[in-house]
Amino acid sequence: MSAPTKAKAAPLAELKGDLAILKERFGEAVQPAEYEGVVIANEVLVEAARFIRDELGYRYLSSLTAVDYLQEGYFEVVYHAYRLEGGGPLVFKARTPRDVATIPSMVSVWPGADFQEREAWDLMGIRFAGHPNLKRILLWEGFHGHPLRKDWREPYFEEEHKPFSSRWPSGHHIRAEDRAFWHDNVQYPLDWDPDQVEDTADELLYIGMGQFARADTGEPVEPKSLRTERLVVNMGPQHPSTHGVFRMVITLDGETIVRLEPVMGYLHRNHEKIGERNMYLQNMPYTDRLDYICSMSNNLGYALAVEKLLGIRPPERAEYLRVIMAEFTRIVNHLWAIGFLLNDLGAFFTPALYAIEERELILDLFEEASGSRMMCNYMRFGGVAHDVSDDWIARAKELVYNRLPRAIEELDRYLTHNELIKARCQGVGVLPPDLAVAYSTAGPVLRASGIPYDVRRAEPYSIYDRFDFDVAVRYNGDVYDRYLIRIDEMWQSLRILRQALDQIPKGEIQAGKKQYMIRVPPGQAYGRVENPKGELGFYVVSDGSPNPYRYHIRAPSFINLTALNEMCKGHKVADVVVILGSIDIVLGEVDR
Amino acid sequence: MDELRDLNTMPVPLELRDNVLVTTIDRFVSYIYNWGRKRSVWPMMFGLACCAIEMICAAASRFDIARFGSELMRPSPRQADLMIVSGTVTKKMVPQIVRLYNQMPEPKYVISMGACATGGGPFKEGYNVVSGIDKFIPVDVYVPGCPPRPEALLHGLLKLYEKIERQSVRTVPWYQRGESEAVPVPILGPDLIDPRRLPEIRARLAALRAKAAEAPSEGAS
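Taken in order, these protein sequences are the chains called B and A. Start counting the first sequence at 60; every next residue gets the next number (the numbering used here). Start counting the second sequence at 18; every next residue gets the next number (the numbering used here).
Read the hints as simulated data drawn from the structure, not as lab findings. Any given hint might turn out to be false.
Said to hold, decoys possible - With a straight-line Cα cutoff of 27 Å, these simulated BS3-like cross-link-like pairs (lysine-lysine) come out:
| # | chain 1 | residue 1 | chain 2 | residue 2 |
| --- | --- | --- | --- | --- |
| 1 | A | K141 | B | K209 |
| 2 | B | K152 | B | K82 |
| 3 | B | K221 | B | K209 |
| 4 | B | K82 | B | K221 |
| 5 | B | K481 | B | K631 |
| 6 | B | K481 | B | K367 |
| 7 | B | K209 | A | K228 |
| 8 | A | K141 | B | K221 |
| 9 | A | K55 | A | K228 |
Extracted from the complex, chain B is given alone in its bound form (with noise of 0.2 Å):
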């Protein structure tokens, strides 16, 4: 069992603001947390759901994720909603004891908040009353166990903690397969009979597919006039279009989609269950692995969250290289994402080929300055890990001037007016921004679909707010939007780039002493940055020790998905390579 959490502190005295409205509103049922946030009954969470969504204003629910309190015997999901407008979060939470763990789902309110609850069932065990198709997300059906439970133990469990005291005993390494009691990473319940094992997870997952269903009541319903079948199609998990080992479970209607259910979890690489073992920093090379073309833009936003509960801040120079990195992570995915939107057309791998040279450019620039081409591991907490040389701020200059704008303007010619790419992406895969905003969606998505939000104008944050760029934004919200506002974000990118390289002063790149193992004070603190893929958080507990006692993800990628269902009804198959490119996803990300 682990030692008693200290994450707990006196709740606040007094709420203010938005939380005093709403505390008025709902009188009893709504409670200050501890840290931040207020705590709502689980009999009025709906309607105070609502109430914030409709009359306060807050209509985009960012984060959705829960928290065990082993000692104290309860769950505790946590919500974060934002103002479009821009401005921090409204932190509510609900709290449900651990041998009831059931909440109100979200989902009648918040559709984005569909994946994000299963995902919660999948790994913590809370069921969600009401909510569609409660069923695993990231691991199968039939899995035993709720994993980022804190009283369940992973096979190759040894210690609560890293460092661990087991790994180097008298100088000899023991491999986790020796000591674990199957020799492999695995577990078998007791009562769990060896002569049953028949697959049944693609069964489960199959049923309620493939039959006529009313729109409105979704009962099935028997064809009056011609008789036509339904087809159930698997695309993936090995397939040269998904983007990885991402798997789609396509209802046609001859080759018209009626229904796409996204399957997923086969990188699913057990992030949160191995950051809440780690230490804070140790965590910070795994962020890399999250999303792996952008690893600067991920260590940035762990660095912000962990840096939130510290309390400190980078020196001048350290922000200024941060923002330099991030940049250039930009512009390195929203190529790669445009080079393999082209791949999903048809077009095969020669656009591709343009958009990683310049991508290798950028990526010696990133080796040069942290050692790794792409699991740069670059930030800090209070700083960056190595300065650069006036030869790089040099060479980096000459590709933000000359190179990188030329091969931009390159890419727009060739493609923006292209025949064949309008008539492939125009008018395919719409989503509305009513309906992007309810998903939850972030990062080109959202803005191509009309809804100028950027987490670096919204919340700004590190000294986004210096810089002059616009929020590129289109209001069609269809494939060729979605492409046509990585073009401009590129540019904007490039302004950005401009003014960063010129004002970059000297000094020092990290805050106090470089430290390995750090302290952080009790606290709890949501970090979030604007990857190129969309809004990136970590939502991090504290209680004091070396590790985090919870530290969750709030996936961009992930959470797009929510979306992709809408977008791809009625359209063909060929469509849905088109529309899944143009979200860009990244398996690692939307697996964790």
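Given the coordinates of chain B, assemble chain A onto it according to the supplied hints.
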């Protein structure tokens, strides 16, 4: 031509070395056969995680895997010679990987790219991670790194060439009598189940249950 010469059969006078070649059928056929196929190893278009990005970079213009005859990535396992396991193998994915491996025609090779595919890597302790793809399918070349640079992957490919060069048509498994056996596909139960280990699992579970019946306070494994 020196690698073709078989010095064990018939000695050739030194002055005739440039004109006469004495070799065995096996050595001669194997040489031609391996020479032909080693320079056009077609990988399967199959990416798992971060390493797949470096694999794509290896295929792109800067590193250009086409120099080594392997640029033709086949989306279908039926047309592929080489499976590059590029990334973390999870329990949920491993049945599909084994199935793809079984679908590849002989001769087939496997490169395990990166730390995760080789032994679980940084994610080894994770509950959904398989500690190395070699727990299920045979691996020919391991490429270390997290992720390996494209050059490292190319080096792994060259190592595979060397391995192919050394194979003899007489001993390679796909020219032996009988059918080659498929790897049993793992099953997703309460945890990942390797069908080859089922008897052992059954026995150990029974022992555990007997122990739990004696002392009811003891929990599951």
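Each hint tested on the structure:
1. A/K141 / B/K209: Roughly 19 Å between the alpha carbons, so the hint for A/K141 and B/K209 holds.
2. B/K152 / B/K82: 13 Å, holds
3. B/K221 / B/K209: 15 Å, holds
4. B/K82 / B/K221: 41 Å, violated
5. B/K481 / B/K631: Given pair B/K481, B/K631 holds - Cα atoms ~16 Å apart, limit 27 Å.
6. B/K481 / B/K367: 45 Å, violated
7. B/K209 / A/K228: 26 Å, holds
8. A/K141 / B/K221: 14 Å, holds
9. A/K55 / A/K228: With a Cα-Cα distance of about 55 Å, the restraint between A/K55 and A/K228 is violated, given a limit of 27 Å.
In the structure shown, a violation is registered for the earlier hints numbered 4, 6 and 9, in ascending order.
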